[in-house]
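Here the protein sequences line up with chains S and D, keeping their order. Mapping to the numbering used here: the first sequence position 301 is 345, numbers consecutive. Mapping to the numbering used here: the second sequence position 415 is 459, numbers consecutive.
It is worth saying that the hints were derived from the structure and are not from the lab. It is possible that some hints are incorrect.
[Said to hold, decoys possible] Capping the alpha-carbon separation at 25 Å, the derived lysine to any residue pairs in SDA-like fashion look like this:
{"id": "1", "chain 1": "S", "residue 1": "Lys-383", "chain 2": "D", "residue 2": "Ser-203"}
{"id": "2", "chain 1": "D", "residue 1": "Lys-74", "chain 2": "S", "residue 2": "Arg-482"}
{"id": "3", "chain 1": "S", "residue 1": "Lys-74", "chain 2": "D", "residue 2": "Gly-480"}
{"id": "4", "chain 1": "S", "residue 1": "Lys-394", "chain 2": "D", "residue 2": "Thr-151"}
{"id": "5", "chain 1": "S", "residue 1": "Lys-481", "chain 2": "D", "residue 2": "Asp-477"}
{"id": "6", "chain 1": "S", "residue 1": "Lys-481", "chain 2": "D", "residue 2": "Asp-106"}
{"id": "7", "chain 1": "S", "residue 1": "Lys-345", "chain 2": "S", "residue 2": "Gln-295"}
There are 2 protein chains.
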Amino acid sequence: MKKEKLVALVAAGCLSLTLSWAGGAKDEAKTVKNVIILIPDGMSVAGTTLARLYTGAPLAMDSLACGLVSTWSSDGTIADSAPAGSAFATGWKSQTGNIASSGKAYTLPGAGDPAPGVSGRPLATLLEGARLSGRATGIVSTSEFMHATPADFASHDPSRKNYDHLTEQIVYNGLDVVLGGGTPFLSASKRKDGEDMMAALKALGYGYVGTASELNAFKGKKLFGTFGKTAESTAMSYDYDRDPAAEPSLQEMTAKAIEVLSQDPDGFFLMVEGSKIDWAAHANDPVGFVTDIVAFDKAVKAAMDFASKRSDTVVIAVSDHGNSGISIGDRSISSGYDKTPWTAFIAPLKAASVTGEGLEAFLPPGSSPAVIRDVVAKKLGISDLTDEEVAAIAGYKSGSLNYVVGPMVGARAKIGYTTGGHTGEDVVLYAFDPRGKRITGLVDNTEIGRYLAAAMGVDLVAATERLFTDADTLAAQAGAALSRDNADAENPVLVVSKGSRTLRIARNKSVATLDGKEIAADGVAVLSGDTWFVSKNLFDALK
Amino acid sequence: MKKEKLVALVAAGCLSLTLSWAGGAKDEAKTVKNVIILIPDGMSVAGTTLARLYTGAPLAMDSLACGLVSTWSSDGTIADSAPAGSAFATGWKSQTGNIASSGKAYTLPGAGDPAPGVSGRPLATLLEGARLSGRATGIVSTSEFMHATPADFASHDPSRKNYDHLTEQIVYNGLDVVLGGGTPFLSASKRKDGEDMMAALKALGYGYVGTASELNAFKGKKLFGTFGKTAESTAMSYDYDRDPAAEPSLQEMTAKAIEVLSQDPDGFFLMVEGSKIDWAAHANDPVGFVTDIVAFDKAVKAAMDFASKRSDTVVIAVSDHGNSGISIGDRSISSGYDKTPWTAFIAPLKAASVTGEGLEAFLPPGSSPAVIRDVVAKKLGISDLTDEEVAAIAGYKSGSLNYVVGPMVGARAKIGYTTGGHTGEDVVLYAFDPRGKRITGLVDNTEIGRYLAAAMGVDLVAATERLFTDADTLAAQAGAALSRDNADAENPVLVVSKGSRTLRIARNKSVATLDGKEIAADGVAVLSGDTWFVSKNLFDALK
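So here's chain S without its partners, still in its complex pose (with noise of 0.2 Å):
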């Protein structure tokens, strides 16, 4: 990107947001210390009705059901989690892919575009944005931590598959709490350029974690914990297949957080996903989405029990899109479904004892029929399965067996899908705010983020231009030069020179040399193509 336009953008005012949540910082007197933001990756209002028809009770979301958010893309109706975690986090829409950076289309009538025909621009997020502010930071999931969610709000990249970027940005990023899966992506063989993030982590400060005990005995301000079913296991287990012992809740993992943040006397921001909802629900798996649902409705619970007892935090639950069309009742009750008993719905949920994931463990690929019958009976109560069920089973390849297994509980639940992808209905409000106004109505998935920027009284145009200045604008101005030391070719270092100083800006991470002496960002350095966006702070001490 030219400077030039950058500087055009600016100065025209493209990158203003218009809050529609007024307030912000210009009014202090609203504004409140903490905010909690937990989202249930592809929940649909069918699973949330079914998790509470499994656990026969209320669920801790239901008394702040308070309205509707629309989940539309810059240029599509039915979102990728990346664009629709993104605009949750900055406030504004993208496409596909988009780790809180500007699209390249904004196609959908009112899809307000940030930096008109400059795509892959860094976007500051609520929780740099807090974190600007003096508030403690966190991210919580169950997925890898780099996962599209998660990362939304702690890194930058126009992709999402760019795993080695968004890892090290949020290693570097000054988060006070990051709990999930990734722990094979801490290992410097996991990455081209051979850095070693637990190292780096550990340099920098944090405690790391990787079993629940620890997790549990964890006193500290500075936490990183990553755990899995094994040290290779990407993501966290399911909620159901969850040993205890060696992987914590989500509902623990937030709780820890929220103790560790909230000794910030600044306040803190937290975001928490219920990761795998949706992947279970890609699955048409009932038994992983409406037990990670309940598992998701717990750690709601945790950040109430904080909350509720207070005056100065706001917690908003609001996933980011539909998943798979699931509805209570399927074509064999086109008929009848008025008749059918309600637990018809559960009851073969409850027959199970594992998640279609979880069996795998219990039923190698390849496994003889008389095997699959013999645990299948066992493990997901079904003791009728059809020679093609069998067959299917047998055949699954290693990763899918949720995508073989999970259909079968359903059909035998009467839950039907439409789609094994997302869907593009709007998603359910839950939200508490102290102060007495809580948002309602149909809201735009950006007007989450605007709110919640105006709730902490953070002006996310300022963090962006604190942030994310092009180089080329940062140098003009401070009358210095600019050069690419490509040695590493993994690792470009933006060489900045005014006179005989010399600034070393190193890509994704938060630190610089100037005159080969280390110096903090205020945030990580993005190299977005062509394009370098730093914080401008690095450049002040130029000056």
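Using the hints provided, position chain D relative to the given structure of chain S.
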């Protein structure tokens, strides 16, 4: 039912309502003058989202979204419209088919039974309670006016199928406005008892209108209007197929109902149903339900045009249950959903100029393949029918073409369905309450009824006792004897004798004779099984 049993039930307080939304008659200051409830039958959240995408503009409903409503009936997770509407109307659960009457089975945990062990017990409705409070009352629907949902508010029977009873009760139940389909059911030839309902309603003082222009021209206080494509049409047309000169829109009917009812200085209660959203959903016909949701939304706008200017009117819009598991996105885009342009879901709907039902006028059963291809191209905008699709259309039975072509349009619009029946997910609550204490969170469908009763200061327990105490109990209290005159098998008469006085109470009517002279009952007399439930005031006349 034995009188001892009902007396015992009343004495034991089994008929008492637990008002979650306290206040009611005890707190006059907090009641409102008018209540409007609008019911988009069978509308689901994906349908609403599609309707917004279709119009390209916010819906009137959008800003009113404020919670969720659970829709289960007393014995099942997926409700029939009769008990679902009864729950709104009476504040009590019931079963498939029950019109404002207690059910037989209360098997779902938490389903409060209004009369344990007694089924078919009439329960006073919001409309009846409002009338007793002096308010004007009305029902508006696009179905025939005695279809389940409108019937739920203005009549009582264990079975929604008993149109003769429901029609007569609605005609005699003292409503001020009845608008909808149902013309044929007003004629004597349609009834087993041969009574002329058109003559009856005129004798009762109603002005009758049968066209949109007559409706528009109506001035008066008691309005009965039935509309349809022809005099034989039971329901009105889908809005998209409607001839505006012949049939008014739901918006026009709603606005006229409000105009007539709001003349009452005591206020009014109005129920409006968008009836055929449900029918199109059953047929999986997206043109039908999307355009009828848009038409319903305009009725909500009419209600809000009235209410938003005032501080004395509560408006609720809420579906009674989900239907057909509609989703934006189907298996054709299980991959690629996020790259599918938003127009892909809407253009096929806009290409159609009629609903599947409306197409029948242009395509008689048994049409030739050439005619089918030509008409479907012209009317639905589909020019790529497969041979199988042509054959399916050729073989359709009159009245079911929407079940045949609806899914063909849906497949081209990538709209998915899981069933042709109702579904069990929570539905969205839309509410406007000028008192600033809008109902929110997850509420049960019965709580909607109780909330609205409290809003009007109406006591439905007292209304039930006043309108529907069993005759055995009343006779015992009055020292009178009961007998039955079955001379007219379809119109049995309850004969009450005390000394020389004789009270004759006709079924389904609100008039009786005392010693040959007509006296008005407070409500309609209901014969449920072998038990008569009648207005107390008739027996008071014997004292």
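Verification of the hints:
1. Lys-383(S) / Ser-203(D): 15 Å, holds
2. Lys-74(D) / Arg-482(S): The hint holds at about 22 Å.
3. Lys-74(S) / Gly-480(D): Holds, because 20 Å separates the two Cα atoms, which is no more than 25 Å.
4. Lys-394(S) / Thr-151(D): Given pair Lys-394(S), Thr-151(D) holds - Cα atoms ~19 Å apart, limit 25 Å.
5. Lys-481(S) / Asp-477(D): 15 Å, holds
6. Lys-481(S) / Asp-106(D): Status holds; Cα separation ~18 Å.
7. Lys-345(S) / Gln-295(S): 8 Å, holds
Figure legend: structure checked against the earlier numbered hints; every hint is met.
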